[in-house]
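Peer 1: Those protein sequences? They're chains H and A, same order as listed.
1 is the number of the first residue of the first sequence in our numbering; add one for each residue after it.
1 is the number of the first residue of the second sequence in our numbering; add one for each residue after it.
Wrong hints could be hidden among the right ones.
Since the list can't tell identical chains apart, any single copy or any two copies may satisfy a pair.
The calculated DSS-like cross-link candidates involving lysine-lysine, where the alpha carbons are at most 30 Å apart (straight line), are [stated by the list, open to error]:
no.: 1; residue 1: Lys439; residue 2: Lys8
no.: 2; residue 1: Lys123; residue 2: Lys105
no.: 3; residue 1: Lys178; residue 2: Lys124
no.: 4; residue 1: Lys105; residue 2: Lys16
no.: 5; residue 1: Lys60; residue 2: Lys47
no.: 6; residue 1: Lys281; residue 2: Lys439
no.: 7; residue 1: Lys323; residue 2: Lys42
no.: 8; residue 1: Lys54; residue 2: Lys381
no.: 9; residue 1: Lys403; residue 2: Lys457
Honestly, the hints are just simulated from the structure, not real lab data.
Protein chains: 2
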Amino acid sequence: MSLYDSHKDILDRAVKALHERTFWAQYPEHPSPKIYGEDADKLGQEKFKALMGKKYDELKQADPENWIGVEESPYLQEPLNIQYPAFSVDTLISRSEAAYHAWRKVSAEDRAGILIESLERMKKRFFEVAYATMHTTGQGYMMAFQASGPHAADRALEAIASGYEELGRFPATQYWDKPMGKFNIQLDKEWRAVPKGVSLVIGCSTFPTWNTVPGMYASLITGNPVIVKPHPGAVLPIALVIAELQAVLEEQGLPVDICQLAVDSFDNMITKELAEHSAVKLIDYTGNSAFGDYLEGIAGKAVFTEKTGVNSVILDSVDNIDKVVQNITFSVALYSGQMCTAPQNFFVPESGIKTPDGVVSFDEFAQKFADFTNGLVENPKAGPYVLGTIQNKKTLGRIDAAKEMGGKVWLESRTLENPMFKNARTATPMVMELSSAEKDKFAEELFGPIALLIKTKDTQESVALAKEMAQQHGAISCGAYTTDAETREMIADEMSLAATPVSFNLTGGIYVNQNASFSDFHVTGGNPAGNASFTNPEYVVKRFTWVGIRMPAEAKA
Amino acid sequence: MSLYDSHKDILDRAVKALHERTFWAQYPEHPSPKIYGEDADKLGQEKFKALMGKKYDELKQADPENWIGVEESPYLQEPLNIQYPAFSVDTLISRSEAAYHAWRKVSAEDRAGILIESLERMKKRFFEVAYATMHTTGQGYMMAFQASGPHAADRALEAIASGYEELGRFPATQYWDKPMGKFNIQLDKEWRAVPKGVSLVIGCSTFPTWNTVPGMYASLITGNPVIVKPHPGAVLPIALVIAELQAVLEEQGLPVDICQLAVDSFDNMITKELAEHSAVKLIDYTGNSAFGDYLEGIAGKAVFTEKTGVNSVILDSVDNIDKVVQNITFSVALYSGQMCTAPQNFFVPESGIKTPDGVVSFDEFAQKFADFTNGLVENPKAGPYVLGTIQNKKTLGRIDAAKEMGGKVWLESRTLENPMFKNARTATPMVMELSSAEKDKFAEELFGPIALLIKTKDTQESVALAKEMAQQHGAISCGAYTTDAETREMIADEMSLAATPVSFNLTGGIYVNQNASFSDFHVTGGNPAGNASFTNPEYVVKRFTWVGIRMPAEAKA
């Protein structure tokens, strides 16, 4: 049985789910022993520990030219001392070009089978991936498991399904019969989906699999060979995924270089050299806007970016203010604000927030915001695990700089002791009040645990500012709270013009930060936050070209 | 009955045809009196003549700021003296922005109904459009009718169908029910296809409707207001189409500025000012590569281009050399080589072309090429009508310059008397021999009636050169003649890597220049000839953004 036959059922259900857009997941997000095995967590942790301090030898790329590794754990504040095989740009490109011609001739069905098989094998290593993610990104355990494991695998599967569907959109061959009056012109036609060529996928330090696998699998399903260039600080999680894929490729008699890992170090980055190489036709990127803008400006490439944005929450009227504040303060605290979907600017009318029990004043709201944040942070069963750690030391500097902005500080950021990791690099959320006139202060992304409560004239001004932020600086998420249907439609319409998805009235266990595969498009592509939307049709159709072949029906050789 | 209801049948059949890709046309290409009416031709010609020398007053754009018109007939070599209402860039943009908010709220169904209605009305004016096309582009009557009338309308309908299908790809709303173990998270979700904004469509002088309506209707069906900026030398054909669309919009109570004509003159071109305006989000362009490259380089816009290319014909082996030469010389002569799909470089092995009756030497082939060209040109019932006229005086200069390239001239270009128009600007095809070493001479588009017969070492070199031309300089078409199945697959595979469609072994009444709507993709998007492929999914999905709205299912206001 081919891998396509083995996984046809998963593929068919995934294609169906793409269109239905209701909840669907192939990979259960709960790290339950019943689902993943009684000792899966323990074994995963052991396997991760066994990788530390060694050469990572699972990749099948031949003849390493060097061994490189500079990862550090934000929990331990110590190097992981894992060395990865490294290759020159020339080697990576020439191997990718050679692999291209093998991979482009594999059918869409067989490609899908191979790629889904790699995800099924990744599934067996979700816990190992989780610990690798914790100790590179600094995420809490639960997020590290969910985001880097099942959620990433589901996003990868979504890209596979979307590409597979597009490849089959037009018939492979067709008989074309045109009546001309006294005779007919009859042609045999054929259409080939020709992959664009070498694909470069550039990873980020905070979500090393979740943000990498969509582009990687979208390029692969459409027949392009992929070079994955991870962030030097977060290599292991994606290395584990690529190792599994290379194993499947080798078993199928295909070149392992169809998907290569390209490791570099901070003192010798190879990203620009790869990106500018004429052989590279596709670039996927997650990271800061300056580098993303540079990549988008390279001529002759299809570039898919997830850059940065300024995410807003608009507060107008609520049913239950405490439930709302509990929800939004959790959104800020989650992974210490280091999610691209984390809210930063909270727009509140100077007249306060309407509730069934009367108006909650701006100051009452701000105090609740501080209190609920403290309540979460100080809960020893929740705080350390929700916050995780700070991936990059620079983020601590950003908090210090934010203090100098001069607004009223409703809550200072502080370190939080992690009961399991005494050296963990932590910072609790800082909460500052600003006025709507201080646009220069809130009109940029302050990546990290920084919440700005911005006093506006009214909800109209809140919406106008949220829209302006999204249109000028990008936005990936928007939260809004209103109990008025007309206001809701106004917000939905205005924010849709800034291409920003809106979550209304979220309370309880669902947060504005969260984006579900097979249902929520991630980064819509319509504002400066980026143009890669997981996984809309554009995300896959730009990775190949439809080329037609035709000849007289009677003249075939 | 709504226009959608009236035209639902056409729309449904068009969507079906998009996928089937066999022959399908809504608008019959033959100017038959039985189809279009006994006196349709005569009336069309009269109406065209009545427009000459006047202000064109059918457009409904309010308060013209100026009247401009510089068209000249290549048949008469005299000005048409038609003046069009003209507006400043500020007026055009502000009207377009205002119209945007009305048009984006019209449903996809109603947009489709309105747009198809405009094509049905255009159909009634196909003959008028044909004469307008003859006397601006210089095309022969038959091409002017077919390309500007039914073929253009079919391409427009294809764009409508493709956009309509994409707008309906995802459900408008969905209930999302995620099991969380002890409870479920239930959201109501909604997705909106948000149009990108003001769309600029820049026309060319040779195919003023065929190359304009795909982008125009693709933007309109996806909810974007359109500003059509025609070439100053070819305004009337598209003005007639826009007038019909504006009439339908007005009848439906919608702003006519949803589609505006933006006329300029050679001494005061407004294209750059429009293209660079921050409100313009989409640009469609047909024309020279230098300006196309400039447009593609403007940040923050989705740009669809059809630029120039160097089209090749590869000659390896044939069943009947005379039928082949008849076919390819017709392709060169058709509209005097002024089609973007016209072949220029004919690659022939120095050992000649294999046939069942022995090898045809390079020189024999070259002589046949000259003879068949003369035969066609000198046939008074065919020559003047197939060649048409030369649209732009500069093309004559290009023929003179080509003479200086130094290759053996197998046939000189000369003027050809047109029995109906004694002042017609004409030039018959020039045929020159070059060697494969003279790449500097044949590695650029020599727009016009210029055929280069290039002697190569063998078919392998022919294919390598054709591929290189396409990859380096772009190509929109490729012809190939081989009776060997292995060679055919080699050519198909190599040219597909240069994203160039290949027509094999065409003889008789079908030519490499021809591209059928609903079947052949036009400009594949994979080589420097441009990125606008009529009409693949990318051509429409980049014109809008999917934006999601979600809220707790129980918390709706």
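Peer 1: A separate judgement is required for each hint: does it hold in the structure or not?
Peer 2: We went through each hint and held it up to the structure:
1. Lys439 / Lys8: neither (52 Å within a copy, 50 Å between copies)
2. Lys123 / Lys105: within (28 Å within a copy, 44 Å between copies)
3. Lys178 / Lys124: between (55 Å within a copy, 23 Å between copies)
4. Lys105 / Lys16: both (26 Å within a copy, 29 Å between copies)
5. Lys60 / Lys47: Classified as within; 19 Å inside a copy, 73 Å across copies.
6. Lys281 / Lys439: Between copies, since 26 Å is at most 30 Å while 39 Å is not.
7. Lys323 / Lys42: neither (36 Å within a copy, 76 Å between copies)
8. Lys54 / Lys381: For lysine 54 and lysine 381, neither the intra-copy (34 Å) nor the inter-copy (83 Å) Cα distance is at most 30 Å.
9. Lys403 / Lys457: within (24 Å within a copy, 73 Å between copies)
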